[in-house]
Amino acid sequence: MALKGIRVIELAGLAPVPFAGLILADWGAEVIRIDRTEALGVVDDILTRGKRSIIVDLRSKEGVQLARDMIAQADVLLDPFRPGVLERIGLGPEVFLGLELDGRGATALNDRLVYARIAGCLVLNVRTGPQREHAGHDLNYLATSGVLDALPKETDGKPSFPLNILADFAGGGQMERRSGRGQVVSTDMVSGARYVSTFALAHAQNPESFIPRLLGGSAPFYSVYRCQDDRYMSVACLEPKFFAAFLTAFKKNLPDGFVVPDQVPGFPQLDAQAGRDSWPELKRYLDHGFLTRSMVDWTQRFANEKDACVSPVLTPLEANARRGEPGPLPHPALSRTPALVSHNEPESKLARGAASLDLGRLMPGKDTREVLRDFGYSEQRIHEHVQAGTTQVASHRSKL
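Sequential numbering from 679 applies to the sequence shown in the numbering used here.
Rather than coming from a laboratory, the hints here were simulated on the basis of the structure. Remember, predicted model here, so these are calculated numbers, not experimental data. Backbone N, C-alpha and C define an ideal beta-carbon position, used for all residues, glycine too. It is possible that some hints are incorrect.
Mimicking DSBU-like on lysine-lysine, the simulated pairs with C-alpha atoms at most 30 Å apart in a straight line are [claimed, not checked]:
{"#": "1", "residue 1": "K961", "residue 2": "K984"}
{"#": "2", "residue 1": "K930", "residue 2": "K961"}
{"#": "3", "residue 1": "K919", "residue 2": "K929"}
{"#": "4", "residue 1": "K919", "residue 2": "K961"}
{"#": "5", "residue 1": "K919", "residue 2": "K930"}
{"#": "6", "residue 1": "K929", "residue 2": "K961"}
{"#": "7", "residue 1": "K984", "residue 2": "K919"}
{"#": "8", "residue 1": "K984", "residue 2": "K930"}
{"#": "9", "residue 1": "K929", "residue 2": "K984"}
Pair by pair, the computed Cβ-Cβ distance ranges are [as the list claims (entries may be wrong)]:
{"#": "10", "residue 1": "D1052", "residue 2": "D789", "range": "13 to 23 Å"}
{"#": "11", "residue 1": "K682", "residue 2": "D985", "range": "17 to 27 Å"}
{"#": "12", "residue 1": "S989", "residue 2": "G1054", "range": "47 to 57 Å"}
{"#": "13", "residue 1": "F1053", "residue 2": "A981", "range": "54 to 64 Å"}
{"#": "14", "residue 1": "D1052", "residue 2": "Q978", "range": "53 to 63 Å"}
{"#": "15", "residue 1": "E996", "residue 2": "K682", "range": "35 to 45 Å"}
{"#": "16", "residue 1": "E1057", "residue 2": "E996", "range": "17 to 27 Å"}
{"#": "17", "residue 1": "G762", "residue 2": "R954", "range": "35 to 45 Å"}
{"#": "18", "residue 1": "R1039", "residue 2": "W957", "range": "18 to 28 Å"}
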């Protein structure tokens, strides 16, 4: 496994940091999540595959010291908090990396540590900028990044947005280690969303660019169409040869006698793709045509049309079933988002040497004793910490 031997401390937080920890665990890293004391008995977060959990009271001096001891023996720290939180409790980067603070040097507890900070918005300096204390979520970061405006618009012109995929998950994965020495790696979800949207944003800089309109739903051959059963088919035949394959198959599978009111007989021909003036009529033709059959029927009729670039819009459960995955998964919420990784994907990177793909939930504090032993704590010291409330151990309750 690529990251075997790498020890990661993940401070429990919302989706981007747990997802980063999940990726590291999938590649073989030892990921230990430090949960809050109030998390005892709560098992909602399932971005936990391959991780272990210890509960530590970071509101107490003893708890902070325990966390400091653990981080001093780690390779990576994943920080999910807003700027200044860890500095205020004595777990800032200067403690571990010996960075200068107000012109004064500090003793390094762990100068090889990669201190990874994932913020929401980068404004000049993510830790000191005017928005450093602002809370936010995916939609805020997409709006700030310029990506939301570049996404397809709803019928009233209002921007639409892709759940919490772009900024939360794509934006949370830009962590790297550039040298053998430790360092602070500050990334943010706004920059991440912009990075994965480079193609669209680059074209958006040019008001005359054709690409945003082409890929934004205005082109009838790159759009989604309602079917007879109120389900949808996606059409994405950008290239002329694929458009030709699509249109030929589509016409062949229309019911006998199909006509679009007030449309010229014989329309459309293959040149309808090239002439933008004909796009409104082409869209009207496809709108009417797709309504003649159900999504399942269209899917079956296009099953052997490998160059038509047509596919059904599946529900998450249908997508799971098609890929041979378990379902249904728990309903996603802000602090618990299913890790949609294939269990039956032999070509995936995960299958070529990464960690287990089990989707079990992690009980906070389940591994408290085991983790402390691994960090050199004696049974007596572990008992003292538990008795003092510095740490907690999950109790295993029967499942009735």
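Hint check results:
| no. | hint | result |
| --- | --- | --- |
| 1 | K961 to K984 | holds, 22 Å |
| 2 | K930 to K961 | holds, 17 Å |
| 3 | K919 to K929 | holds, 16 Å |
| 4 | K919 to K961 | holds, 19 Å |
| 5 | K919 to K930 | holds, 17 Å |
| 6 | K929 to K961 | holds, 14 Å |
| 7 | K984 to K919 | holds, 12 Å |
| 8 | K984 to K930 | holds, 15 Å |
| 9 | K929 to K984 | holds, 16 Å |
| 10 | D1052 to D789: 13 to 23 Å | holds, 22 Å |
| 11 | K682 to D985: 17 to 27 Å | violated, 43 Å |
| 12 | S989 to G1054: 47 to 57 Å | holds, 54 Å |
| 13 | F1053 to A981: 54 to 64 Å | holds, 56 Å |
| 14 | D1052 to Q978: 53 to 63 Å | holds, 55 Å |
| 15 | E996 to K682: 35 to 45 Å | holds, 36 Å |
| 16 | E1057 to E996: 17 to 27 Å | violated, 51 Å |
| 17 | G762 to R954: 35 to 45 Å | violated, 52 Å |
| 18 | R1039 to W957: 18 to 28 Å | violated, 49 Å |
Violation of the numbered hints given earlier is confined to hints 11, 16, 17 and 18; the remaining hints are satisfied by the structure.
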